[in-house]
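For reference, the chains in residue letters:
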Amino acid sequence: MEKEKVEEFTIKVYSENHIGLLNRLTIIFTRRKVNIESLTTSEYHIPGVHSFTIVINTTESMVKKIVKQAEKLVDVLKAFYYRTEDIHYQEIALYKVPTSALTGTNEIEKLVRRYNARILEVTPDYTVIEKTGHKEETQELLENLKPFGLLEFVRSGRVAITKPMKELTTHLKEKEDATHFTQAEN
Amino acid sequence: METKKGKQPDRKEIPPYGTEITGSEALIFSLIEEGVDTIFGYPGGAIMPVYDALFDYQHHLQHILVRHEQGAAHAAESYAKILGKPGVVMVTSGPGATNLITGLANAMVDSVPIVAFSGQVPSNLLGTDAFQETDVIGITMPVTKWNYQVTSAEELPEVVAKAFYIASTGRPGPVMIDITKDAQFGKVKWNYKKCTKIRSYFPYPKVDEEKVEEAAHLINKSKKPLLIAGRGVLISNATDELMQLATKADIPVTTTLLGLSAFPSDHPLHVGMPGMHGNMAPNIKTNECDLLIAIGMRFDDRITGKLDEYAPQAKIIHIEIDQSEVDKNVKTDVALVADARDALRKLLPLVKENDHKEWIESFEKEYEHEYEHVIKPAREAKGKDIKMDEVVHLISEKTKGEAIVVTDVGQHQMVAARNYNFKRARSFVTSGGLGTMGFGLPAAVGATVARPDRTVIGFAGDGGFQMTIQELGTIGHYRLPVKMVLLNNSFLGMVRQWQDLFFEKRYSFTELVNPDFIKIAEGYGIPGQRIEKRDDLEKAIDTMLATEGPYLLEVAVMKEQNVFPMVPAGASVSDMVTK
Numbered sequence: 001m002e003k004e005k006v007e008e009f010t011i012k013v014y015s016e017n018h019i020g021l022l023n024r025l026t027i028i029f030t031r032r033k034v035n036i037e038s039l040t041t042s043e044y045h046i047p048g049v050h051s052f053t054i055v056i057n058t059t060e061s062m063v064k065k066i067v068k069q070a071e072k073l074v075d076v077l078k079a080f081y082y083r084t085e086d087i088h089y090q091e092i093a094l095y096k097v098p099t100s101a102l103t104g105t106n107e108i109e110k111l112v113r114r115y116n117a118r119i120l121e122v123t124p125d126y127t128v129i130e131k132t133g134h135k136e137e138t139q140e141l142l143e144n145l146k147p148f149g150l151l152e153f154v155r156s157g158r159v160a161i162t163k164p165m166k167e168l169t170t171h172l173k174e175k176e177d178a179t180h181f182t183q184a185e186n
Numbered sequence: 001m002e003t004k005k006g007k008q009p010d011r012k013e014i015p016p017y018g019t020e021i022t023g024s025e026a027l028i029f030s031l032i033e034e035g036v037d038t039i040f041g042y043p044g045g046a047i048m049p050v051y052d053a054l055f056d057y058q059h060h061l062q063h064i065l066v067r068h069e070q071g072a073a074h075a076a077e078s079y080a081k082i083l084g085k086p087g088v089v090m091v092t093s094g095p096g097a098t099n100l101i102t103g104l105a106n107a108m109v110d111s112v113p114i115v116a117f118s119g120q121v122p123s124n125l126l127g128t129d130a131f132q133e134t135d136v137i138g139i140t141m142p143v144t145k146w147n148y149q150v151t152s153a154e155e156l157p158e159v160v161a162k163a164f165y166i167a168s169t170g171r172p173g174p175v176m177i178d179i180t181k182d183a184q185f186g187k188v189k190w191n192y193k194k195c196t197k198i199r200s201y202f203p204y205p206k207v208d209e210e211k212v213e214e215a216a217h218l219i220n221k222s223k224k225p226l227l228i229a230g231r232g233v234l235i236s237n238a239t240d241e242l243m244q245l246a247t248k249a250d251i252p253v254t255t256t257l258l259g260l261s262a263f264p265s266d267h268p269l270h271v272g273m274p275g276m277h278g279n280m281a282p283n284i285k286t287n288e289c290d291l292l293i294a295i296g297m298r299f300d301d302r303i304t305g306k307l308d309e310y311a312p313q314a315k316i317i318h319i320e321i322d323q324s325e326v327d328k329n330v331k332t333d334v335a336l337v338a339d340a341r342d343a344l345r346k347l348l349p350l351v352k353e354n355d356h357k358e359w360i361e362s363f364e365k366e367y368e369h370e371y372e373h374v375i376k377p378a379r380e381a382k383g384k385d386i387k388m389d390e391v392v393h394l395i396s397e398k399t400k401g402e403a404i405v406v407t408d409v410g411q412h413q414m415v416a417a418r419n420y421n422f423k424r425a426r427s428f429v430t431s432g433g434l435g436t437m438g439f440g441l442p443a444a445v446g447a448t449v450a451r452p453d454r455t456v457i458g459f460a461g462d463g464g465f466q467m468t469i470q471e472l473g474t475i476g477h478y479r480l481p482v483k484m485v486l487l488n489n490s491f492l493g494m495v496r497q498w499q500d501l502f503f504e505k506r507y508s509f510t511e512l513v514n515p516d517f518i519k520i521a522e523g524y525g526i527p528g529q530r531i532e533k534r535d536d537l538e539k540a541i542d543t544m545l546a547t548e549g550p551y552l553l554e555v556a557v558m559k560e561q562n563v564f565p566m567v568p569a570g571a572s573v574s575d576m577v578t579k
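Protein sequences appear in the order of chains A and B. Everything in the first sequence is counted per our numbering, starting at 1 for the first residue and increasing by one. Everything in the second sequence is counted per our numbering, starting at 1 for the first residue and increasing by one.
Any given hint might turn out to be false.
Said to hold, decoys possible - Label-pair distances were calculated between CB atoms; the ranges are:
#1 A:Glu-176 <-> B:Glu-158: 18 to 26 Å
#2 A:Thr-30 <-> B:Lys-193: 52 to 60 Å
#3 A:Asn-35 <-> B:Lys-519: 31 to 39 Å
#4 B:Glu-158 <-> A:Lys-64: 33 to 41 Å
#5 A:Glu-60 <-> B:His-267: 37 to 45 Å
#6 A:Glu-8 <-> B:Glu-158: 51 to 59 Å
#7 A:His-45 <-> B:Asp-240: 44 to 52 Å
#8 B:Lys-193 <-> A:Pro-47: 17 to 25 Å
#9 B:Arg-424 <-> A:Glu-8: 31 to 39 Å
#10 A:Ile-27 <-> B:Glu-402: 36 to 44 Å
#11 A:Thr-40 <-> B:Pro-15: 19 to 27 Å
#12 A:Ile-27 <-> B:Arg-424: 34 to 42 Å
Unchecked claim - In silico DSS-like cross-links for lysine-lysine, where the CA-CA straight-line distance does not exceed 27 Å:
#13 B:Lys-162 <-> A:Lys-78
#14 A:Lys-146 <-> A:Lys-78
#15 B:Lys-328 <-> A:Lys-72
The set of hints was computed from the structure by calculation and includes no laboratory data. Where is the CB? At the ideal position from N, CA and C, for every residue including glycine.
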């Protein structure tokens, strides 16, 4: 059999905001030895609903199984997986450089302009630069800032908004309509 | 009950709604509201307030005091499997809760509804490594369908209602509720409402009518169909519907290990059990059928053997309530994601009456071959040593297939599954997916508590029997009428068999030096006898069945008997070996 190709997938999970759910979700990945590349969680605009954005590198057959397992959890409302072309996504990166590196040269300023980054804070000791974008972009800026004595770097998990127009509430309504909540007698 | 030095319980009745009660009382009343009549448990420090409340309501809720918490879990599983309603477990914090893990894992993989309650240290001590504190929620997460920690009395009734709803609906499973001591002591205004819906939980997907039509079409045009029925048929009470489908469309039925007793073993359309130690016909025919209709089963690797060579020629219909099982192992052509009974009721009117005489006869040929070469030589053994098969076969005849059969795990389990002639549904209790040695004895406890009116035969091997042998204490204490049949070969037989077949007969740590089991039973006040000769077997079985209360029959069986036929691990189902 041909070996299935490994791709990057973004999983979106919508759930009740219950203690321990993050743990229950990550167990699904660890049990199958799938590494989580990034994970972001936040409140959704529907009251009481939480959303998780999880990035993994795996095969499509594995991501399908993972999404089904996630959706099987009692407190999960719905789970989806997307390829990169199906979502709009961003990550945010912060860079701390010594302020002295900015004085006497405009190299850092040029980088900030070129990468569409911005300076967040300047103190006598250090300066914080912020850049939003895809991982490759924030990584490139990181490489370029290293020669200036970079002090600290941090990148967030991915946040993603999907391209399909169907709303979560519509998905949920459909799912509810397709469910008996007690065993059917018919 | 012996309470010579303590006070007698006050027989109390549940107060009206609105009365202020404690969390502990709320738990007891909630259980009664859920129709619970039995708890399997073991008290300890962190659950004492609940046990104190239980004391006065024993006339509503019987409590079976097991001898180890693992026993409580397995007993509750067995109780649940036989009665089709959740078994209830109660334990203390820390070691009490961790001792449940094997039982929860077993219930999870075999889809058994149990609701387990553990005491927990007071909420102000959570996370401080207090005495007998463990992270029960964290530890039980991978082995429960749902779990929840209760930290205030007000939450209790609603959480209990939710626990029972989740455990028993959809694909059933274990639920663990951890209750801090302050929640047990706290006050709540008594009220109870059963749970019938949870926003994020979709237990019974509705049958897709188009898919039903597709499935019916495949069934109607199939020349060589085969039904494979799993535990889902028993869970959804679909045994009648299964029978109707099989007889209307004239389709042979094979029942998985956990599906045994969902279809009468001696029915002309029953073709035995599939899988590693199943019958030859259903395994071989899996790779000859043109349509495989799998109901309430999950294509476990012990059933499929080598996946690439599992029914590659067949169309596959999978009737399964759990969406995540569809296409997990075997790719299906039509999936009916629904409750088995619901799906079958929708399917039946669209299925045409049919006749597959020749196809069914081809199973009989395979059976005859197996009977001549495997079954008969084992059931009618001629040598000096007693074979396990003859014991099970004789007990099957003596009990007319009417008993509840409980097994442990290993060779005797396969022999029991292969040789007992099941006539009634929900009559076989075994540990399937997890293969838990030590399951049998406590499960036999649960079976007799569930159905004191039926004969319960508990088969075990000498290895597994000793893993939970302390439950003889429970059996002796309550005089539970378990007929224990210990098939003693002084080996961990199944492992030895694999060593024999795949590890050059290197019997690495599988031979057991055993105690005098009859003396041990005697110590618990349980009568019994050991037999070593075939001539003594029938009389011994008669004595056991005629004895009121518990009985231990130890049969010294052939030391190195291998269970056949067998699909060697990693082989195709059609490559069964008979020796």
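Now for the hints, and whether the structure bears them out:
Separation of Glu-176 of chain A from Glu-158 of chain B is about 21 Å and conforms to the stated range, judged on CB atoms against 18 to 26 Å. Between Thr-30 of chain A and Lys-193 of chain B the beta carbon distance is about 37 Å. The supplied range of 52 to 60 Å is therefore violated. Checked against the hint of 31 to 39 Å, the pair Asn-35 of chain A and Lys-519 of chain B fails, with Cβ atoms roughly 55 Å apart. Between Glu-158 of chain B and Lys-64 of chain A the beta carbon distance is about 35 Å. The supplied range of 33 to 41 Å therefore holds.
Separation of Glu-60 of chain A from His-267 of chain B is about 43 Å and conforms to the stated range, judged on CB atoms against 37 to 45 Å. Remark: the range hint 51 to 59 Å for Glu-8 of chain A to Glu-158 of chain B is contradicted by a beta-carbon distance near 41 Å. Against the hinted window of 44 to 52 Å, the Cβ-Cβ separation of His-45 of chain A and Asp-240 of chain B comes to about 48 Å, which satisfies the hint. Checked against the hint of 17 to 25 Å, the pair Lys-193 of chain B and Pro-47 of chain A passes, with Cβ atoms roughly 22 Å apart.
The beta-carbon spacing between Arg-424 of chain B and Glu-8 of chain A, approximately 54 Å, falls outside the hinted interval of 31 to 39 Å. Between Ile-27 of chain A and Glu-402 of chain B the C-beta distance comes to about 43 Å, which sits within the given range of 36 to 44 Å. In this structure, Thr-40 of chain A and Pro-15 of chain B break the distance hint of 19 to 27 Å, their C-beta atoms being roughly 49 Å apart. Evaluation of the 34 to 42 Å hint for Ile-27 of chain A and Arg-424 of chain B yields a pass: the beta carbon distance comes to about 39 Å.
At roughly 20 Å between alpha-carbon atoms, Lys-162 of chain B and Lys-78 of chain A fall within 27 Å of each other, so this suggested pair holds. Restraint check for Lys-146 of chain A and Lys-78 of chain A: not satisfied, since their Cα atoms lie roughly 42 Å apart, outside the 27 Å limit. Straight-line distance between C-alpha atoms of Lys-328 of chain B and Lys-72 of chain A comes to about 14 Å, which keeps the hinted pair within the 27 Å bound.
The earlier numbered hints that this structure contradicts are 2, 3, 6, 9, 11 and 14.
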